[in-house]
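Protein sequences, first through last, are from chains P and F. Its first residue numbered 1, the first sequence is counted upward by one per residue in our numbering. Its first residue numbered 1001, the second sequence is counted upward by one per residue in our numbering.
Do not rely on the hints blindly, as some may be mistaken.
Beyond 10 Å from chain P on every Cβ pair, some chain F residues (computed) [to be verified]:
1) K1003
2) Y1005
3) C1011
4) A1012
5) A1013
6) C1023
7) E1026
8) D1049
9) R1050
10) D1051
Pairs of lysine-lysine residues, derived as DSS-like cross-links and limited to a Cα-Cα distance of at most 25 Å, are as follows [what the hints assert, rightly or not]:
11) K310/P to K1003/F
12) K1063/F to K1024/F
13) K322/P to K205/P
14) K1002/F to K4/P
15) K1003/F to K228/P
16) K1024/F to K228/P
17) K625/P to K570/P
18) K205/P to K1029/F
19) K235/P to K1039/F
To be clear, the hints were calculated from the coordinates, so they are not data collected in a lab. Every residue gets a Cβ at the ideal spot worked out from N, C-alpha and C, and that includes glycine.
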Amino acid sequence: MNRKQRIMLIRIVLSALLMIILNFIPAEGALRFILYLIPYLIVGYDILLKAARGIINGQVFDECFLMATATVGAIALAIYEKSGDYTEAIAVMLFYQIGEFFQSYAVGKSRRNITQLMDIRPDYANVEKDGKLVKTDPDDVETGSIIIVQPGEKVPIDGIVAEGESSLNTSALTGESLPREVRSGDEIISGSINMTGVLKVRTTKEFGESTVSKIIDLVENASSRKSKSEDFISKFARIYTPAVCLGALALALLPPVVRIIIGMAPAWESWIYRALTFLVISCPCALVISIPLSFFAGIGGASNQGVLVKGSNYLETLSKTKIVVFDKTGTLTQGVFEVDAIHHSTMENEKLIEYAALAESASSHPISKSLQKAYGKEIDRTRVSEIEEISGNGVKATVDGHLVACGNEKLMASLGVKAIPCHSAGTIIHVAIDGEYRGHIVISDIIKPHAAEAIKELRKSGINKTIMLTGDREKAAAKVAQTLKVDDYYAELLPSDKVDKVEELLRKKSEKEKLAFVGDGINDAPVLSRADIGIAMGAMGSDAAIEAADVVLMDDDPLKIAKAIKISRKCLKIVYENIIFAIGIKAICLLLGALGIASMWLAIFADVGVMIIAVLNAIRALFVKKL
Amino acid sequence: MKKSYNIEVDCAACANKMEAAACKTEGVKACTVNFMMQKMIVEFEDGADRDSVMKNVRSNCRKVERDAEVFI
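Take the sequences, apply the hints, and build the full model.
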């Protein structure tokens, strides 16, 4: 509670106590009026002042003005009727202030909670100076400096481990609870927490350019991009208050005038009272506060799960997603090739791999890397000579004195070797040794462990269509599509074809259904920005992805896509609940007030109550862990 | 040129009013008030003097909401 809030609380309590005491004091007439004025002014003086200032500045329809008019009107009515019942007016002011107090307290508290949840900001960096550790502002650490990260501390700046071994907890960044092992030479990302050993880190970026700063910046600014619901509410609030005020004026004047015309008693008091009730309900606060709070909580909860949403508007679009288009490599598959099978080998499989790995040892192509990985031992370069790369076809080299050729069917044909064609999906490496066919190796991109489950989850969460795009061969694409049970796939696409394909899909769908594109953010930036909503995954440390996408998944688990959609749906559901609930209750109260059924008491209870319930409901958007 | 300022404002409706008031200030191209983060992000017109524009923004905000504070 800050100072302002404490003072408010004291004023509320004081005024409430006075009200109770005054109940037992049998004062009459002017004395009674003056006595009751004390608690009224204690609790409401600032409202009256603000109302006066509002009038001077031409801000007639602000809520202070409304509350001032309503309560002063009720007091005037009490004087006119000589009833001496000032309690109602004071109670309205009292409850209004209680509502404001609660709102400011609850919003402040949830703001702190949510920012704490997203608090990955490192406070200092340890720099070694003359053998001592000095805590330095991360902003002052230059690129290339050595910083020391002790167990339990946050890595403040992106860098490369220069010395030491440890495991890192990246859950604040990715939501992933498994620790990551790092050793000397590994890249580490700021924001992760060092768990076991002391690390010496050579920084590769300035603090402002580090992952953690980028993420903080992104999340903090996310709620500044306003959603349609928020715009709707601000517009609604702008019209609502003047409309209700005019309604109140009409209610105060028209019925009595009509009654006079048709020859009845005008009953001014009763109609003015009803008009004042209107004014009490006219404050749009519950609506205006609960919508941004819901979005803020939703974005906060999502970022805690490793899903960064760059704006409330994107959260809204995400919730309307009906079609999800995937880029295959790096999204559904790992983008790492692995030896899948060896066919028709006339020698031991290990031997065949060994020859192939050695022949390809000079190449940095992912395929040669996968061969080396399958071989599993250190490559002895001295065994290989006369390496000749035939671009697009394969490699010829001399290994242990044998002429080894690895490559596609064209290479085999050029050597006059008859290759046995393969029916498997994937990349086929034929191997010939000394001009004799020795079999082929099937290499394929491996599917991510959660990919199939992710597609299933998406379908369960109401996605109508899943489509996979890839530059791979038809056969490989078909196999992946079938394994994962995606609805549709398009293969052999060049990067520019992917944009065309997404545009075609955008044209075909209806306006209400939104299309999300999921990519790894490396070479699909144009598609990410073209889709209704671009989701980049595995974005830890990739600036390009963070830049291009609307939603960023920090780790590369495809299950997070369904999770992100579920989070957005929950958040938007809460937003709509609040809109309907708050507008609904106000409409009912206005109606009851006009009919004379609702008293001012009911009006203020409804107003404050709606606000409290809407705020509490909004905070629910934060709890998304179990979705 | 975009810049973000810390602000202090009590209610969400007031934040919306501040936003409208700040947007109307001369030299301000666009402005969003983020009530939850208590921040105001101002995009200035080309060649505008930021400090003097922000002083006007603050006084315009105070006209619609007396308690509002903009930390320049």
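Minimum Cβ separation between A1012/F and chain P greater than 10 Å? violated (4 Å)
Hint check: K625/P vs K570/P, CA-CA at most 25 Å. Holds or violated? Since the Cα atoms of K625/P and K570/P sit roughly 12 Å apart, the hinted pair holds (cutoff 25 Å).
Are K235/P and K1039/F close enough, with their CA atoms no more than 25 Å apart? Holds, at about 21 Å.
Straight-line Cα separation of K205/P and K1029/F no greater than 25 Å? Violated - the C-alpha atoms of K1029/F and K205/P are around 33 Å apart, more than 25 Å.
Least C-beta distance between K1003/F and chain P, which was stated to exceed 10 Å: holds (12 Å)
Against chain P, does C1011/F keep a CB gap of more than 10 Å to every residue? Nearest chain P Cβ is 6 Å from C1011/F, so the label is violated.
Does the no-contact call for R1050/F survive, Cβ to all of chain P over 10 Å? holds (19 Å)
With the threshold set at 25 Å, check whether the alpha-carbon distance from K1024/F to K228/P stays at or below it. holds (22 Å)
So E1026/F supposedly isn't at the interface. Is its beta-carbon more than 10 Å from every beta-carbon in chain P? holds (18 Å)
Would you say D1051/F is clear of chain P, with no C-beta pair closer than or equal to 10 Å? holds (22 Å)
Any Cβ of chain P at or closer than 10 Å to Y1005/F, or is the non-interface label fine? Label holds. Min Cβ-Cβ 12 Å, cutoff 10 Å.
Would you check whether the claim that D1049/F is not at the interface survives, using Cβ distances to chain P and the 10 Å cut-off? holds (24 Å)
Hint compliance for this structure: hints 3, 4, 5, 13, 14, 18 are broken, all remaining hints hold.
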